Amino acid sequence: MTQKLTTLTETASQTAGPYVHIGCIPTFAGLGAIYPEDLGGSPISEGAKGKVITITGSVYDGTGWAMRDALLESWQADASGIYAGQPNADPAVTGFCRFAADGTTGEFTLRTVKPGRVAMRDGRMQAPHIAIWIVARGINVGLSTRIYFSDEDNATDPVLSRIEQRPRVETMIARAQGGESYRFDIRLQGDGETVFLDM
Amino acid sequence: MTDDYDTLPLIPRNRAVHPDPYDPGYKTTMTRAPSLPLLSLDSTVTEQTGPVFGHGVIGTLDNNLILNWTKGEAPAVGERILVHGRVLDETGRPVPETLVEIWQANAGGRYRHLKDTYFAPLDPNFGGCGRTLTDVQGHYQFLTIRPGAYPWPNRGNDWRPMHIHFSVFGRAFGQRLITQMYFEGDPLIDRCPIVATIKDRGQIEQLVAPLDMSRAKPMDFLAYKFDIVLRGRRQTFFENRPEGM
Numbered sequence: 001m002t003q004k005l006t007t008l009t010e011t012a013s014q015t016a017g018p019y020v021h022i023g024c025i026p027t028f029a030g031l032g033a034i035y036p037e038d039l040g041g042s043p044i045s046e047g048a049k050g051k052v053i054t055i056t057g058s059v060y061d062g063t064g065w066a067m068r069d070a071l072l073e074s075w076q077a078d079a080s081g082i083y084a085g086q087p088n089a090d091p092a093v094t095g096f097c098r099f100a101a102d103g104t105t106g107e108f109t110l111r112t113v114k115p116g117r118v119a120m121r122d123g124r125m126q127a128p129h130i131a132i133w134i135v136a137r138g139i140n141v142g143l144s145t146r147i148y149f150s151d152e153d154n155a156t157d158p159v160l161s162r163i164e165q166r167p168r169v170e171t172m173i174a175r176a177q178g179g180e181s182y183r184f185d186i187r188l189q190g191d192g193e194t195v196f197l198d199m
Numbered sequence: 200m201t202d203d204y205d206t207l208p209l210i211p212r213n214r215a216v217h218p219d220p221y222d223p224g225y226k227t228t229m230t231r232a233p234s235l236p237l238l239s240l241d242s243t244v245t246e247q248t249g250p251v252f253g254h255g256v257i258g259t260l261d262n263n264l265i266l267n268w269t270k271g272e273a274p275a276v277g278e279r280i281l282v283h284g285r286v287l288d289e290t291g292r293p294v295p296e297t298l299v300e301i302w303q304a305n306a307g308g309r310y311r312h313l314k315d316t317y318f319a320p321l322d323p324n325f326g327g328c329g330r331t332l333t334d335v336q337g338h339y340q341f342l343t344i345r346p347g348a349y350p351w352p353n354r355g356n357d358w359r360p361m362h363i364h365f366s367v368f369g370r371a372f373g374q375r376l377i378t379q380m381y382f383e384g385d386p387l388i389d390r391c392p393i394v395a396t397i398k399d400r401g402q403i404e405q406l407v408a409p410l411d412m413s414r415a416k417p418m419d420f421l422a423y424k425f426d427i428v429l430r431g432r433r434q435t436f437f438e439n440r441p442e443g444m
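Sequence lines, in order, name chains A and B. Numbering of the first sequence is given in the working numbering, commencing with residue 1 and proceeding in unit increments. Numbering of the second sequence is given in the working numbering, commencing with residue 200 and proceeding in unit increments.
Bound conformation, chain B alone:
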């Protein structure tokens, strides 16, 4: 990858592969989804550039959620797992040195957040967030515990499947993405109204991480693989100024 690639226009976002912004099954969207169309335009330098975070901001335990809350003093409760994968763009290029942040509930399904009042207790040894930079090939990994499922106020008895929230920067502000990773085999995935905001079955499957025994460590942790694809850049040799622009 050259710096030149990082100056190219972004491929327009295919909104059909994303969730419907307005979906009555997920009630809160009904007052928070725009009712008017988005204004679609070619990206400019504003969208084609973005913040870069150096290794200096990342602490040694930042990608270890089992130990980062207690600074290594005591491990979190739960099923120990490695979550790993690659960040690529639509053209298949790895996205190197980009910030990946995650947050999640503890093993009982409780977040360490003022607004979470679920019965499940907080784990004194678990904070619930982590961050790392991808390597030059786009690889990242986190050591964490498998989060619990939990109920949430939506319809009468809705439960979130086990999930980890992911925030990814890419190399351009227009590539910014927040998503959620689910776990292979969880029966709650198909009952979740947030998952169901995605209408493309294949796109839902891309959010479900398979068990990956090749990366599991005997007598220590299981592993799940989760690759993430960001918008790519349009390699065009024919730049014409559109009429009226």
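Chain A extracted, bound-state conformation:
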């Protein structure tokens, strides 16, 4: 026998289920009367500094079907690479957004500002990125990944550098489509499977 550890164990995750929209984006789900507006409707407000961009995509299951019921959350720094709550953060950037796959097409859209490079604890810089968290029926533990950008220098990013199979890096990079538009598709399983993070 040994001494008992005093740490607690993290509560087990359970799937968000098919009705997650009721709890997280009730106005989107048609429960418009309950709150004035859904939380995280936009990560930016009027006057946010930086380039406003639009990222569209779908979340595909292992059969290649664009899921109609996925809920996504994003968390990002402002155009200077500073997170809300840190000193000198842009007051017009909350950095948090909730958005869902369209119930008919399965496509999602995130409109935000392009984030800046973010420093690590040791001073190295991470390429501009947006953290993404995906929940849905059939996802037992929320899935984490990041959106990087094809028109940025990602060569020395400390996270992308750790992906052994170099072609898989592409699964975390949004494709510039001209102007302010980017495409970012997420594949949960199978060919072109997105790199999911455990950080």
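Nothing false has been slipped in among the hints.
Going by beta-carbon spacing under 7 Å, a handful of chain A positions derived as facing chain B:
#, residue
1, Ser13
2, Gln14
3, Pro18
With a straight-line cut-off of 27 Å between C-alpha atoms, the simulated DSS-like cross-links for lysine-lysine are:
#, chain 1, residue 1, chain 2, residue 2
4, B, Lys226, B, Lys314
5, A, Lys51, A, Lys114
6, A, Lys114, A, Lys49
7, B, Lys270, B, Lys416
8, B, Lys398, A, Lys4
9, B, Lys424, A, Lys4
Keep in mind that the hints were calculated from the coordinates and are not lab data. Because the structure is a prediction, the values reported are computed rather than measured. Beta carbons are placed, not taken as given, at the ideal position from N, Cα and C, and that holds for glycine.
Guided by the hints, dock chain B onto chain A, whose structure is given.
Using the frame of chain A, we list chain B on its own:
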């Protein structure tokens, strides 16, 4: 708790205490679970920070599901219950001022959702979602009705036990958690393939809220206690840069 604590790295997630992502008993996981390993890395500032929601966004009835749908005009049908507990992290620290959201079926087991077509009728006085912020000690509470069990399309005759969905933010995006609370004594818990995706019996028991008569109000409502533990932060005095990083 100091702000300094909120800048520390997160303790790596112990995946063994969570459900198996791929579990044939819960059919939908078979096409939605990644087949390749997750990339495990130390958290960065991206995972160590997260959105903060102020009291300004929370309405006075937001944590009262009995009354919030009708703005206090008429109460929902069902067994009136208080659900309360604390949000802590793995180190035992309370998680203060963090957003807790819940959603659930009505007393008949029906959700107010386009995709739910179960026979049980909608309750005109019940919406089915609520939200609140924890206090400085991590406490939260909701007044609601006990949700009904309901059948769902999986294997031939699968039923969900009575449950309330919980979404919790913590203070860091890497602490984000969605889970479900079950009710003490429900015989459907042990028959549920979603519950059974968790392989650690003790972790299942941590999702079952006990009846708590100390918080029940005579002639009004029963109470159930449900504590939630989020990832903690690693208090390290020896920060070395790993080889190759």
